[in-house]
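Asks: Now for the letters of each chain:
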Amino acid sequence: MKKYTYEKKIDTRSGFGAGLAELGRTNPNVVALCADLVGSLKMETFIKENPERFFQIGIAEANMMGIAAGLTIGGKIPFTGTFANFSTGRVYDQIRQSIAYSGKNVKICASHAGLTLGEDGATHQILEDIGLMKMLPGMTVINPCDYNQTKAATIAIAEHDGPVYLRFGRPAVPVFTPEDQKFEIGKAVQINEGSDVTIIATGHLVWEAILAGEKLAEQGISADILDMHTIKPLDDAAILKSVAKTGCVVTAEEHNYLGGLGESVARVLAENHPAPQEFIATKDTFGESGTPAQLMDKYGLNSESIVNAVIKVLKRK
Amino acid sequence: MPDTQQLKDLATQVRRDIVRMVHKVNSGHPGGSLGCTEFFVALYNEVMDLKEGFDMDGIGEDLFFLSNGHISPVFYSVLARKGYFPVEELNTFRLIDSRLQGHPTTHEGLPGVRVASGSLGQGMSVAIGAALAKKLNNDDHLIYSLHGDGELQEGQNWEAIMYAAGNKVDNLIATIDLNGQQIDGSTDQVLPMGDLRAKFEAFGWDVMEIEKGNDIEAVIAGLKEAKTRTGKGKPVCILMHTIMGHGVDFMMYTHAWHGKAPNDEQLAVALAQNPETLGDY
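These protein sequence lines are chains C and W, in that order.
Numbering-wise (the numbering used here), the first sequence opens with residue 2 and increments by one.
Numbering-wise (the numbering used here), the second sequence opens with residue 14 and increments by one.
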């Protein structure tokens, strides 16, 4: 198992803030919008340096999505910022008609996704957003795993012509990807080469997959681990190459197993290379209040659950 | 500039287009389309400063956004007769493989359309965004938008109305088609909206009215008056009084023709009331 270490933990939303700040300096067409969550989204630096390119919309997410769509007409590249729940479910029809169907170059940037939002509870913890967004034709869906990758993804999506959903989170998590790692939309990152089982993880679960890989290695099980930061377009080739080698797969995500990464992987396998699969995800449930760590443990989104799923899926080969 | 008679002739021809389009496919929305015919004719042929051709960004020209997308027949007819696409293409309205979808969309690449509309209440936000882009680009051209009165029942409008006033989006002229009708009945029956002038003014807009929204000269005068009110720190709202179904007597003064096509006999009556002027497509 390839060794991964980290020196510090930082929230992925800070990676977004840093990426947006850099875009503010390098791309004059980038504009930012926020629905009264500037601090939570770490947008202060961009706003301080580019006040004329920032639009405080107020608590009116539907209006924000429409204004973002309109700003593209005239060549701007709008980045909207609010929590994942208010970036998707609350404004689904606005995104569907004014952005996706209209083919507008809007970057929907969503923080506090999933259970790790924590204590605010289920009203704010969306676990359906990946599904909602991946179903929209033409929408790119990205869920990076750490600070560096979120920063790189933020910068990369400005160069992509078309609507993007960028999902990140609230808690401080290990920073383990290289600072200079280029972000390629739709291209999985090979975390570890292995031969017994494929683990495909996205977002906060990538680090848990690494921890699981280490535990599995101690038991003599070799895991092929993919960081699937882009859920759509999915890197079919990387999935098929890995599963051709291992013959089974565990997917891991901070999202409902209905509509998430796991189902997308299952579709690719069903069409090309049927193989046993286990899903680390929430199982058609809402979240609840608690600390992020407590919630991830209670809902089985941790390295221990991944190890158990691997042992189970290996028996099904 | 076309003279008033030419614009009236164009309006009559547009009305023929509208009823023929919806008749052919036995679907579509003639009522609001007929009611807004003078508005579209005036806007595209007398009021807006437009470039030759079409590009999505529309830098250096005025832009128009149709929020109540169901009145696509009048939009398509006026766009075609302005030269955005061949008039013959009106024949494809609502047919398979057409660029003239039931509700307007950019998806099929139809020149003249800059955003999809149909799901109501979204157009004012988009228009505000385009107005903000104009300001960022130091482009002093204007943004026009059209909204149904019933459409104002969608809450997103009021988010947008609040934002535009609060942020001095004063390069925006939003026109409300005040025909008092919606699918299930009159707006007063379905959901009374009270005093719209007072509401817009309370939100901080500069509000004016076009009392005769089916009189081409009144519409032109009103739109030109609205232009003079831009750039003064407030978004401009025009409450435009129209008659749904105007120009076809049996479609007027009722909500019944909001989304219903005429049969063969009704079409003949409608066309007889609007004799061919510029040539049918």
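No lab work stands behind these hints: they were computed from the structure.
Hints should not be assumed to be uniformly reliable.
[Stated by the list, open to error] Each pair of labels, with its calculated beta carbon distance range:
| id | chain 1 | residue 1 | chain 2 | residue 2 | range |
| --- | --- | --- | --- | --- | --- |
| 1 | C | Asp37 | W | Leu204 | 23 to 33 Å |
| 2 | C | Pro138 | W | Gly168 | 54 to 64 Å |
| 3 | C | Asp162 | W | Gly272 | 31 to 41 Å |
| 4 | C | Leu241 | W | Gly244 | 56 to 66 Å |
| 5 | C | Asp162 | W | Tyr266 | 23 to 33 Å |
| 6 | W | Gln166 | C | Pro234 | 34 to 44 Å |
| 7 | W | Ala215 | C | Ala271 | 19 to 29 Å |
| 8 | C | Asp37 | W | Met14 | 43 to 53 Å |
| 9 | W | Glu289 | C | Asn273 | 52 to 62 Å |
| 10 | W | Asp110 | C | Glu8 | 31 to 41 Å |
Glycine is no exception: its CB is placed at the ideal position from the N, C-alpha and C atoms.
Asks: Using the beta carbons of Asp37(C) and Leu204(W), state whether their distance is inside 23 to 33 Å or not.
Replies: holds, 28 Å
Asks: Is 31 to 41 Å right for how far apart the beta carbons of Asp162(C) and Gly272(W) are?
Replies: Roughly 36 Å apart at Cβ, these two residues keep to the hinted range, so it holds.
Asks: How does the Cβ-Cβ distance of Gln166(W) and Pro234(C) compare with 34 to 44 Å: does it lie in that range?
Replies: With a Cβ separation near 39 Å, Gln166(W) and Pro234(C) satisfy 34 to 44 Å, so the hint holds.
Asks: Return holds or violated for the Cβ distance of Pro138(C) and Gly168(W) against the range 54 to 64 Å.
Replies: violated, 26 Å
Asks: Is it true that the C-beta distance of Asp37(C) to Met14(W) lies inside 43 to 53 Å, as the hint says?
Replies: holds, 47 Å
Asks: In this structure, is the beta-carbon distance linking Leu241(C) and Gly244(W) contained in 56 to 66 Å?
Replies: holds, 59 Å
Asks: Can the suggested window of 31 to 41 Å be confirmed for the beta-carbon pair Asp110(W) and Glu8(C)?
Replies: For Glu8(C) against Asp110(W), whose Cβ atoms are near 58 Å apart, the range 31 to 41 Å is violated.
Asks: Could you say whether the range 23 to 33 Å given as a hint is met by the Cβ separation of Asp162(C) and Tyr266(W)?
Replies: violated, 48 Å
Asks: Falls inside 19 to 29 Å, the C-beta gap from Ala215(W) to Ala271(C)?
Replies: violated, 57 Å
Asks: Can you tell me whether the CB distance of Glu289(W) to Asn273(C) sits inside 52 to 62 Å?
Replies: holds, 59 Å
Comparing the model with each earlier hint shows violations of hints 2, 5, 7, 10; every other hint is respected.
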